[in-house]
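Work out the full structure: start from the sequences and follow the hints.
As they're listed, the protein sequences go chains A and B.
Heads up: the first sequence is residues 298 to 472, going by our numbering.
Heads up: the second sequence is residues 161 to 353, going by our numbering.
What the hints contain is simulated information worked out from the structure, not anything from laboratory work.
All of these numbers come straight from a predicted model, not from anything done at the bench.
Accuracy of the hints is not assured; some may be wrong.
Stated by the list, open to error - Computed list of lysine-lysine pairs in BS3-like fashion (alpha-carbon distance at most 27 Å, straight line):
| hint | chain 1 | residue 1 | chain 2 | residue 2 |
| --- | --- | --- | --- | --- |
| 1 | B | Lys-222 | B | Lys-251 |
| 2 | B | Lys-232 | B | Lys-219 |
| 3 | A | Lys-366 | B | Lys-222 |
| 4 | B | Lys-347 | A | Lys-306 |
| 5 | A | Lys-346 | B | Lys-347 |
| 6 | B | Lys-332 | A | Lys-339 |
| 7 | B | Lys-322 | B | Lys-347 |
| 8 | B | Lys-322 | B | Lys-341 |
| 9 | B | Lys-332 | B | Lys-347 |
| 10 | B | Lys-219 | A | Lys-366 |
| 11 | B | Lys-332 | A | Lys-306 |
| 12 | B | Lys-322 | B | Lys-222 |
| 13 | B | Lys-341 | A | Lys-339 |
| 14 | B | Lys-232 | B | Lys-322 |
| 15 | B | Lys-347 | A | Lys-339 |
| 16 | A | Lys-346 | B | Lys-341 |
| 17 | B | Lys-341 | A | Lys-345 |
| 18 | B | Lys-251 | B | Lys-341 |
| 19 | A | Lys-306 | B | Lys-322 |
| 20 | B | Lys-222 | B | Lys-232 |
| 21 | B | Lys-332 | A | Lys-345 |
| 22 | A | Lys-306 | A | Lys-346 |
| 23 | B | Lys-251 | A | Lys-366 |
| 24 | B | Lys-347 | A | Lys-345 |
| 25 | A | Lys-346 | B | Lys-322 |
| 26 | B | Lys-332 | B | Lys-232 |
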Amino acid sequence: MQCQLVLDKYTAYCDYDLTVTEHSAIENHLMECQGCREAFEKLGSMVKKLNGLAELQVSTDFNERLLSKIAHLGSAETHTVWYKIPTVRTSGYAIAAGVALALIFSQWMNPSTTNPTLQTNSSLPVAGEISNNPTSQPVLAATDDSTSNLNDTLKMTEPTPNFPGQQLRLVNQTP
Amino acid sequence: MQKQITVTDEELIARFQAGTEVAYIELVNRYKDRLLNFVYRFVGDRDEAEDIVQDTFLKVYKNRHAYREVAKFSTWIYTIAGNLARSELRKRRRHKTFSMSQIGLEDKEYDPPDTDAGPESHVSGQYEEAEIQRAIRQLPDQFRTIIILRDIQELSYEEISKILDIPMGTVKSRVNRARLKMQDLLKHLKENG
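Here it is in structure tokens:
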């Protein structure tokens with residue numbers, strides 16, 4: 298048996314991972330070959346040294362540092378969420394606001410397109426009537442009632458945009 | 161008589177996946193020293209090795225739900241640590257290629273680890289260990305990993321095969337070739353049994 302072939306089988310020989318015939322062939326070779334015998338001894342000694350290398354231990358504050366990083370990781374994740382959700386929301390709001398402004402502006406520029414007259418619901422504290430006026434300037438007229446100031450009637454002759462919170466209903470336009 | 165309850169790693173990671181953080185701490189305690197030794201033999205720097213082990217556990221924490229019980233937990237965590245160590249070495253090699261002309265040295269000085277053994281035996285012991293560490297670092301990557309996992313960490317062939325994702329026969333033949341290569345690199349050391 299060639300020496301190199303024997304060396305190639307060193308690990309398998311140590312692990313008893315060879316056939317009986319192969320194992321015996323190596324044993325016979327080792328009995329005859331001093332070079333291979335020494336090589337096997339040196340390999341065995343080296344493996345033993347590797348097995349017995351000094352074991353390192355982590356620093357005493359290892360867990361503490363790790364947990365601190367995890368805590369930081371948690372807050373970083375929270376920030377990510379905090380930034381992500383409003384971004385989506387605000388962009389939605391911005392689009393909605395833009396559309397609303399565009400509608401208001403177009404209505405402002407071209408009031409004749411508004412056919413129905415809107416009047417606030419009578420259940421609201423101030424009774425107001427909004428009627429369509431072809432003039433572009435808004436006119437706020439108050440009809441003075443000498444009997445009671447509380448019954449002042451406000452008439453707005455300018456089509457007004459619909460504000461949130463106002464309850465409006467369609468009324469027939471008086472000629 | 162003390163009753164010993166053994167919970168497997170796989171049970172612990174399952175509990176951690178279900179939200180029990182104590183199970184995570186137990187896994188950290190089980191693996192921190194083993195991984196430190198594994199990574200240290202890879203990168204040769206204790207502090208750097210500890211940082212890599214910390215990163216490994218952070219990855220386990222963040223990606224706990226990526227673990228499936230088809231593999232052993234040890235296989236999974238060694239794979240993560242090995243990948244991080246290799247990536248660190250690659251980074252260092254790139255840096256070394258850049259800075260070698262300035263320092264003119266192939267490797268930075270070896271920093272022997274602190275151990276608790278007696279001081280006398282450490283004069284020769286530390287030198288020998290330093291030489292072994294140097295030899296390990298001179299091995300090609302595939303041999304280095306295999307010698308660390310088999311001869312230093314003493315993992316089974318099966319486990320190494322799973323970690324490295326190579327057939328068991330390849331593991332065995334690489335172990336033998338790595339040992340012969342190591343022996344060649346250490347032939348200048350005085351034989352002391």
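| field | Hint check against the structure, violated hint numbers in rising order | value | 7
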